[in-house]
Amino acid sequence: MSLIASNLSIKHEKNFHLNDVSFSMSKGEIYTIIGRTLAGKTTLLKTIAGLISPDSGGLTFDGHDFGSIPVWKREIAMVYQQFINYPHLTVYQNVAFPLKQRGIQKTEINRRVITALSQVGLEGFGDRKIQALSGGQQQRVALARSLVKEAKIVLLDEPLVNLDYKLREQLREEFQGIFDTKASEDSILIYSSTDPVEAMQLGGQILVMDEGRIIQQASAKEIYENPISTKVSQITNDPAMNLFDGRIQDGCIVLSPEIKFDLPSHFNGLPQGDFTFGLRAAAISLDDNGFPFSVELSEISGSETFLHVRHEGLKIVGLLNLVQNFSVGEKVSVRFDTKHLYAFAPDGRLKSSPYGGLQ
Amino acid sequence: MSLFYSTLKYLAVTLWSMFVIAPFLWALTTSFKDFQSVTSGATYIPWVDFEPTLDGWRSLFKSPAQGGIAIVEPFFNSIIVTAAGSGISIILGTLAAYSLSRFTFRVGPIRNGDITFFFISQRIMPPVVLSIPFFIMLGKLGLLDTLFGLVLVYVVLLMPIAVWIMVDFFNKVPLEIDETALIDGCNPYQAFFKVVLPNSVPGIIVAGMFCMIFGWTDFFFAFILTFTEVQLLPVAIVALNSSITPWWSLSAAALVSVAPLVVVAFVVERYLSKGNLSGALK
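Residue numbers (the working numbering), protein chains in the order written: chain A, 25 to 383; chain B, 84 to 365.
For the record, the hints were derived by calculation from the structure and aren't laboratory data.
Careful: at least some of the hints might be erroneous.
Stated by the list, open to error - Heads up, simulated DSS-like pairs for lysine-lysine below, C-alpha to C-alpha not over 27 Å straight-line:
1) Lys277/B to Lys130/A
2) Lys145/B to Lys153/A
3) Lys363/A to Lys284/A
The whole structure should be built from the sequences, with the hints applied where relevant.
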């Protein structure tokens, strides 16, 4: 069983919402669509659901043309980023709604609703009104409604984005457990997110979207190790991968007259010339033998500190495994861990990665 | 400081309540007066200032030949015309508003906003401008001085109110609710009737209230489009105002004319005070 999209395009006035999107998805897999806001993630999910018709291209599911099947007859479930439920119904009635629509017997509905509510941790909440629930509980109801259908395709459109940090962390862990069970069954799970951490944690296959296009599709590990372009490296890292223009010259990487370092071994095959180099924030550290930078901003995040530093036109962000206050303008010595350096061509294509990706 | 503001607040509320309630109290006491009590100067308290009588209320149920004012028939005529006019307006207006809120219409340069404005513009025009075409059309159809003719006119007058209120209401109902219903197996009609409509009850009630108030209190069209066969309550009450106005009967009739709106307001108040959409999209 697979869902295949062929050259899906949706254009509104002069802007592409989807631009020649093609992919193939198989049952039992989790697919995470990651992209910035307005990248086309929701449009793609709604197109799969049948809520939006593509201008061109098509979708097939199990070899059948999906486009000719109306939304209400498709075997799909969807959870929105807003907590969408039916406010005039109780929690139980909300979860039972799709089953009643299918004309399933009452005893079977009861069994499945109770199972779904227990899966999302809402046992005993059946009689409550939706308005009486917290945001997280409302989203669990929406999730239960999507699970109870036992749909062939489950679409989750940034389901955690409107929750507070703690709840997001908690639900993310619970989602993983639920998804693992669900995906091992008979479904295709498609999860959209703007959060690289979320995408990496969920694992599975990742589709990176930008301006209506899928710019890379690979496993989470592959996307992390070998982002095929600077755009992918920016979208799939938080904070975004540091990118700086420089050149390879005489066995050195030259970023500025003062900032030069030896060519790492994985760059040996690269010719001399201009490149865009990439380095994740975690590969930046403070070292007395490093290069002189001045602090622009420091943000303490839990047990870590995001340090924004600058050297003339070169701005980078480092992720330090310590909690420390820095004052703006403070001079610091910054070391680049060149073992983790990426090289991209001036047009943005990956040329060399520390994990062996060399094009 | 808070005591001062609290006192000021209660004083303002009391003054405002007196301002609102005083005319009703005046009409209520007048309805229990007779000719002597009304014409002998200002009297306020029954059994102290004047001897109360039920003559004014009894006259409502007597025919003019028996010295009454016969408002029973106009009262029921008003109920029929208002209920039918408001009911049809709400049904048609809700359907029209939903389609204007959810679907995109393009006819030449005309868009959804223009269509909505067209509905509303029916209420912007002065009633006198509409009265002549209404009069001519109803005359040609043989519907002048009939309840059915009045119902048709009231539908034209009240539907813009329903469309106006309901378009705004549906625009606030997240589209994702409709989409979720479709995904959950409803066809578009089921999505409307099973999900959107039950969650639109507060909006429908507000629209219904406005339609009923405008329909019930209309005097102009009820006066222009009826002669002898059909009379609505506002016209019947105004007709009492003559050289010798029976103020006690008129006051009783005025209170009767207000009663249905008060009852409706109390019944629907709980729907107006709590929105039903708060759990749809948090």
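Structure-based check of all given hints:
| no. | hint | verdict |
| --- | --- | --- |
| 1 | Lys277/B to Lys130/A | 19 Å, holds |
| 2 | Lys145/B to Lys153/A | 53 Å, violated |
| 3 | Lys363/A to Lys284/A | 15 Å, holds |
The earlier numbered hint that this structure contradicts is number 2, and it is the only one.
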